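Peer 1: Okay, so the first sequence: first residue is 168 according to this note's numbering, each after it adds one.
Just so you know, these hints were derived from the structure itself, not from any lab.
Everything numeric in this text was worked out from a predicted model, so none of it was measured.
Be a bit skeptical, because a hint or two may be false.
Stated by the list, open to error - Within a straight-line C-alpha distance of at most 27 Å, the following computed DSSO-like cross-link-like pairs (lysine-lysine) qualify: (1) Lys518 to Lys559; (2) Lys551 to Lys603; (3) Lys518 to Lys476; (4) Lys603 to Lys304; (5) Lys303 to Lys476; (6) Lys320 to Lys303; (7) Lys518 to Lys303; (8) Lys320 to Lys304; (9) Lys350 to Lys551; (10) Lys304 to Lys559; (11) Lys350 to Lys320; (12) Lys476 to Lys728; (13) Lys621 to Lys448; (14) Lys448 to Lys518; (15) Lys551 to Lys303; (16) Lys350 to Lys304; (17) Lys304 to Lys476; (18) Lys350 to Lys603; (19) Lys551 to Lys320; (20) Lys603 to Lys621; (21) Lys559 to Lys350.
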Amino acid sequence: MFGDLNEAQRSAVMHGDGPLLIVAGAGTGKTATLAGRVAFLIEQGIRPERILLLTFSRRAAREMLSRAQRMSAGGMAERVWGGTFHAVANRLLRHAGRPLGLPPDFTVLDQSDAADVLNLIRDDLGLSARERRFPKKDTLAAIYSRTVNAGTKLVDVLTRHYPWCQEEAGEIRQIFQAYTVRKREQNVLDYDDLLLFWKALATSPQTGPQLAAMFDHVLVDEYQDTNALQADILEGLRPEGTPRNLTVVGDDAQSIYGFRAATVRNILEFPQRFPGATVVKLEQNYRSISPILQATNAVIALSPQRHDKILWTGRSGEQPPTLRTCLDEAEQCDDVCRTVLEHRERGVPLKAQAVLFRAVHHSDLLEVELTRRNIPFVKYGGLKFMEAAHVKDALALLRVLENPFDEVGWFRVLQLPEGIGPVTARSLMEQIGVRKAQREQTSPLVNLLDYPVKAPPGAVEGLQQLRSALAGCMDQAILPPAGQLERLRVFLEPVIARRYDSPSARLRDLEQLELLASAYETRGRYLSELTLDPPSSTGDFAGPPLRDEDYLVLSTIHSAKGLEWDVVHVIHAADGMIPSDMAAGDDEEIEEERRLLYVAMTRARDALHITFPMRYYRRPRGLEDPHTYAQLSRFLEPDSVRTHFETIAPLAGAQREAGELVVTGTTDVDAFLAGLWSD
DNA sequence: CACGCTTATATTTTT
DNA sequence: TATAAGCGTG
């Protein structure tokens, strides 16, 4: 059954008790190994519900467990505890959060909800009166999250990552303090709280041992992307003096989540933190053909950090990766479309191909072009769906039904009826007692439904419609979440038509939301699953019609982690894109960008194409030249890296045919100039 | 006080 | 490009 595994993989799979670190290079069969280990443990008689498998996404957990299922005879893998740190924390805390004073019916705030709460507090504290420009709500949320996850002092985070906000440190601290108070009042947890409370539970002398006793084995995927908080949780779960059955898998060369305070130190210091750890290295790459692997090895070789493993492959192949210089973005789109179709001609379906890029909006132009040419695609990455105003409106309605003390929920809901803006909404919240959260107090929801409130005459009718919509959803026993959404849609339809453009598309989204809800029996379950595992692609919604069709995959590099395709196209391989200008802060950030390119390239099995446009058109700001010139990404360095590529210039070909002279010197001039600005 | 309009601005990656 | 703040009107 484990016959397909190589020696290193087998030794990892069959490792006995004690800590185990598997350093698994890209494409070395990490998933098979981890799934194999789960299957092995079950075969050894470990009860599946006593195994905890922590992965980076829900999708990864599903894949891993279904593989383990196939490998294990008994087929009990589905009872394994699996999911992301956050999702597992959510489950655990609903059962075991009592000792922390945490009622089991808390609701979860996603990052943008958290930002809204921060914004509300900023208004309340009167900090919006603009003397200086104050960090925006999303920035506040980012600062908060980074501080908590890294476990560092606010001032240090500000100095290092948000130097332009240092002046406001006092106010920021004030907001953060109030933020914690509000969350507790309202019985809501944000992403970071989920981890914090889990850690509190796992490390407390009272509850820690009970928690640790729940599991015989803990396995963690993508360990290079865990942060200090998560490492503490793991140590709490496998305390010293007990059998420390902890398996972690990771690759320091693929750590790309520094912005979420992930630290490679977790993987590097694992043997110190868990003394007696066995270390297994997986170095045989099964994914890429040799010319691609050589190129990716060359990219990572230039990283000044030590990655001491050498990947090799038995997969031979002739075609080196191509490096394609395009005139501009339009030509890049054209080239990608053509190359994609060429591969399909030769028998590679669209599904086996992916286009990868640094930032969500990098595919905008390509999406237009693909649509124009009737090439179907799905896009992964980005949070677009959950961020849309109308989706938030619908979910806010469900949230106040679920948790009537949810402040941001109410603030949004109460502004839906015509004639009510922020000021009236605040007054209504005051009247129904949203903020006086004592547990015994009557529910603000009941107050709104059963008692009259003062509102301006113009708002009375709309308010009444809101009331009856909410009232229609009160009895969960009769109406499941999908039914509630159906009822709420009647109310939302005119609201959306009045407030937003392209209402028909938005109404379709509400139907999708309803479709998704039909899989859940309770509102609470539905809401927390949606915030912890949001639909990651438009394809997550595409029901049967799109499912069997062939489609090209578009993905951010971050979302492509752990996946692979026959053919990979990496676009925008220009300085300013990879590495992103935004990341050009310090060496550490630049190195993370290098690893990002490495991750992108190592997704490819048989063919890899990297393109970059020489010229970008930006919307003119003032009298600036709307064209900017880009250079090839510095990570594709000429001597040791570019030699592994076949260089193609669609532009040069076209121009030579036209008898024009191709000027290749531009980039050198730009490089010279760039050298003058940098120090 | 709501709402529609204009103008400034800052722009990554995701649980 | 999308959002937020600013301003005028009803």
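Peer 1: What's the verdict on Lys304 and Lys559, does the C-alpha distance respect the 27 Å limit or exceed it?
Peer 2: Roughly 17 Å separates the two Cα atoms, so the pair holds.
Peer 1: Compare the distance between the alpha carbons of Lys621 and Lys448 with 27 Å, and conclude whether the hinted pair is satisfied.
Peer 2: violated, 68 Å
Peer 1: Would the hint linking Lys551 and Lys320 be met if the CA-CA limit is 27 Å?
Peer 2: violated, 32 Å
Peer 1: Next pair to validate is Lys350 with Lys551; report whether the Cα-Cα distance is within 27 Å.
Peer 2: Judged against 27 Å, a Cα distance of about 25 Å means the pair holds.
Peer 1: Given the hinted pair Lys448 and Lys518, is their alpha-carbon gap at most 27 Å?
Peer 2: violated, 31 Å
Peer 1: Given the hinted pair Lys320 and Lys304, is their alpha-carbon gap at most 27 Å?
Peer 2: This hinted pair holds, its Cα atoms lying about 20 Å apart.
Peer 1: When you check the alpha-carbon spacing of Lys304 and Lys476, does it fall within 27 Å?
Peer 2: Violated, at about 43 Å.
Peer 1: For the pair supplied as a hint, Lys303 and Lys476, confirm whether the alpha-carbon distance does not exceed 27 Å.
Peer 2: violated, 43 Å
Peer 1: Take a quick look at whether Lys551 and Lys603 sit within 27 Å of each other, Cα to Cα.
Peer 2: violated, 34 Å
Peer 1: With the threshold set at 27 Å, check whether the alpha-carbon distance from Lys320 to Lys303 stays at or below it.
Peer 2: Holds, because 20 Å separates the two Cα atoms, which is no more than 27 Å.
Peer 1: Holds or violated: Lys350 and Lys304, Cα atoms, limit 27 Å.
Peer 2: Given pair Lys350, Lys304 holds - Cα atoms ~16 Å apart, limit 27 Å.
Peer 1: Going straight from one Cα to the other, do Lys559 and Lys350 come out at no more than 27 Å?
Peer 2: holds, 19 Å
The structure is inconsistent with the numbered hints 1, 2, 3, 5, 7, 13, 14, 17, 19, although it conforms to all the rest.
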